[in-house]
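Based on the provided sequences and hints, a complete structural model is requested.
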Amino acid sequence: MKIAFASTDNIHVNDHFGWCKCFYLYELQEESFVFLRALESPNELTEEGDKLAYKIECLEDANILCASHIGPRASLMVKGSGIFVLKSEKENERIDTLLNTLLTLKNSNPPLWMQRFLHAPSPHNHS
Numbered sequence: 001m002k003i004a005f006a007s008t009d010n011i012h013v014n015d016h017f018g019w020c021k022c023f024y025l026y027e028l029q030e031e032s033f034v035f036l037r038a039l040e041s042p043n044e045l046t047e048e049g050d051k052l053a054y055k056i057e058c059l060e061d062a063n064i065l066c067a068s069h070i071g072p073r074a075s076l077m078v079k080g081s082g083i084f085v086l087k088s089e090k091e092n093e094r095i096d097t098l099l100n101t102l103l104t105l106k107n108s109n110p111p112l113w114m115q116r117f118l119h120a121p122s123p124h125n126h127s
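Residue numbers for the sequence shown follow UniProt numbering, beginning at 1 and rising by one.
Among these hints, one or two may not hold up.
[As the list claims (entries may be wrong)] Label-pair ranges, simulated between beta-carbon atoms:
{"#": "1", "residue 1": "Leu112", "residue 2": "Pro72", "range": "18 to 28 Å"}
{"#": "2", "residue 1": "Asp61", "residue 2": "Lys21", "range": "32 to 42 Å"}
{"#": "3", "residue 1": "Asn100", "residue 2": "Gly49", "range": "16 to 26 Å"}
{"#": "4", "residue 1": "Asn92", "residue 2": "Glu31", "range": "25 to 35 Å"}
{"#": "5", "residue 1": "Thr104", "residue 2": "Glu47", "range": "33 to 43 Å"}
{"#": "6", "residue 1": "Thr46", "residue 2": "Asn109", "range": "25 to 35 Å"}
[Stated by the list, open to error] Here are the computed lysine-lysine pairs in the BS3-like style, where the Cα-Cα straight-line distance is at most 25 Å:
{"#": "7", "residue 1": "Lys87", "residue 2": "Lys106"}
{"#": "8", "residue 1": "Lys21", "residue 2": "Lys106"}
{"#": "9", "residue 1": "Lys106", "residue 2": "Lys90"}
{"#": "10", "residue 1": "Lys51", "residue 2": "Lys87"}
{"#": "11", "residue 1": "Lys51", "residue 2": "Lys106"}
{"#": "12", "residue 1": "Lys90", "residue 2": "Lys79"}
{"#": "13", "residue 1": "Lys106", "residue 2": "Lys79"}
{"#": "14", "residue 1": "Lys21", "residue 2": "Lys90"}
Please keep in mind that the hints were generated in silico from the structure rather than gathered at the bench.
Backbone N, C-alpha and C define an ideal beta-carbon position, used for all residues, glycine too.
Have a look at this one:
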């Protein structure tokens, strides 16, 4: 299961989805998580629909997007592309804290939205 974080520093979830220049992709494994790569999204597009479609395309094979803020239209478009949207509940929440919470959830009693990603075959899933 892969999670893309909207972040300016790869430490905190502190960026708005639509303004994010770089998403950080992590993978939850059996007992840990690993940083995979930075997903650059530097293009400045003026038309809102084009901008959102471009940002979603930059998320590559992420199953989950976690951002500090995301607008309603963007949220619908991200969900429509098959990516689950998690909005950070705290300002500047740490990425590692969120990953540990998701790992605990995955290994104890995963909610339905998470089970969907755990049991779906994926050509990119190596765990």
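(request) Hints the structure violates: just list their numbers, smallest first. (result) Failing hints, ascending: 2, 3, 6, 8 and 11.
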